[in-house]
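Asks: Sequence:
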Amino acid sequence: MLGAIYTGLSGMNAYSDGLMMISNDVANLNTLGYKGNFLSFDSLYENGGAFLGSSGGGYGVSMGSSFIDFSQGTLQQTTNPLDLAIQGNGFITVLKDGQTYYERTGNFFVNQDGFISDSQGNHLAVLDANGETQPFNIDAYKTYAPAATTNVTYNGNLDPTATDPVTSSIKVYDSRGTEHDWTVTFTKAGVSTDGNETWNVTVTDADGNTVGSGSLEFDSSGAVAGNSKIVVQQNVDGGDPLNVTLDFSSGVSSFSAGGTSSLAASSIDGNAMGTLTGVGVDANGQIELAYSNGKTATQGYVALANFQDPQVLQRLTGGLYADPTGQPVSYHKSGADGLGTLESGQVEASNVNLSSEFGELILIERGFQACSQIVSISNEMIQTLFGMRGQG
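Read in our numbering, the sequence shown has 77 at position 77, and its numbers run on one by one without any break.
Some clues are possibly wrong.
[As the list claims (entries may be wrong)] Here are the in silico distance ranges between beta carbons for each label pair:
no.	residue 1	residue 2	range
1	Ala-27	Thr-296	35 to 45 Å
2	Lys-229	Ser-71	57 to 67 Å
3	Gly-359	Asp-128	44 to 54 Å
4	Asp-237	Thr-296	24 to 34 Å
5	Asp-69	Thr-296	37 to 47 Å
[What the hints assert, rightly or not] In silico DSS-like cross-links for lysine-lysine, where the CA-CA straight-line distance does not exceed 25 Å:
no.	residue 1	residue 2
6	Lys-188	Lys-229
7	Lys-171	Lys-229
8	Lys-171	Lys-188
9	Lys-96	Lys-142
10	Lys-171	Lys-333
11	Lys-295	Lys-142
12	Lys-295	Lys-96
13	Lys-188	Lys-142
Because the hints were derived from the structure by calculation, they are not lab data. Being a predicted model, the structure only gives us computed values, none of them experimental. Each residue gets a CB set at the ideal place from its N, CA and C atoms; glycine is no exception.
Based on the sequences and whatever the hints tell you, model everything.
Replies: Dropping the structure here:
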């Protein structure tokens, strides 16, 4: 009977531990990136399964090994481009004080020292050229260097029935990043000796000065014939001379369109100097930098970690995991080698299933009640035994 009391007590202790685990899962129902637990219990035996002289007897139960449920949580959209989550397997890698940690989701921002960090001071890790993890700092990328315009590509149609010149306004940049406004004028000149339709092309600056000229010819099919590029050169005070090619070699035609022409510049290279205006992560998992001149640049891939056995990871405060075992860890970019895809502007919600937790809670409660009954009945039997009197 004493053994039954201890057995019942072991069940009550085990179910109390199970209640603690369920309560922790429920408490973290709204914790970003939280992963729930699987409950398990282990039966206890000793002396080859013999107990108090009877074969097959046990001496209770204990809380079993805890398993983390790493199933996918729901992704939720946010307004911060540095909020990160993973759709699929893997962990975001962060660095702090020489230590490496891992998390499923994170709210990141650029801190006062220029590092992409979370609120706990963990720096987001990116992969360097050797595939090693390094913190990323934006201080070296605060400006975007100016570049001179060298090519302007045109496409569209020049209507041969148009009676007025066709104009196109473009902005080009010199080597210092200074903007220059040019107007390109197309004037129909007639038909050349070989029967091609001819247009004169004149380029003027903002003061009306001519900075370049040339001509375009179209054959009977409406395609550009002969020279399809015009080079325009302009001297710039204090900078390198502009040397810009107007390219009409692709997508330019001459067909009747009711007197309306659609010819326009489709792309212009070169840019003014830009200052950093935004930091995010693109669809490939690279750090994306946006600048005031409309340019963007990418630097480094966010490091995602892949573990052969994620169950050995140790939970830490703030949704972090540590690897106490020293097992091999492989770092890759988003979507590589069995890893999921990194999603920016999103966070992963807790994967706790409240219905399942309440179902487990009922089983825990019933188990605890049953074990308490065993203790109570065993106690009553002992009291009965103590109350027995010998017969004289």
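Asks: Each hint needs a verdict: does it hold in this structure or not?
Replies: Hints and how they fare:
no.	hint	in the structure
1	Ala-27 x Thr-296: 35 to 45 Å	holds, 42 Å
2	Lys-229 x Ser-71: 57 to 67 Å	holds, 59 Å
3	Gly-359 x Asp-128: 44 to 54 Å	holds, 48 Å
4	Asp-237 x Thr-296: 24 to 34 Å	holds, 31 Å
5	Asp-69 x Thr-296: 37 to 47 Å	holds, 38 Å
6	Lys-188 x Lys-229	holds, 17 Å
7	Lys-171 x Lys-229	holds, 18 Å
8	Lys-171 x Lys-188	holds, 24 Å
9	Lys-96 x Lys-142	holds, 24 Å
10	Lys-171 x Lys-333	violated, 38 Å
11	Lys-295 x Lys-142	holds, 12 Å
12	Lys-295 x Lys-96	violated, 32 Å
13	Lys-188 x Lys-142	violated, 47 Å
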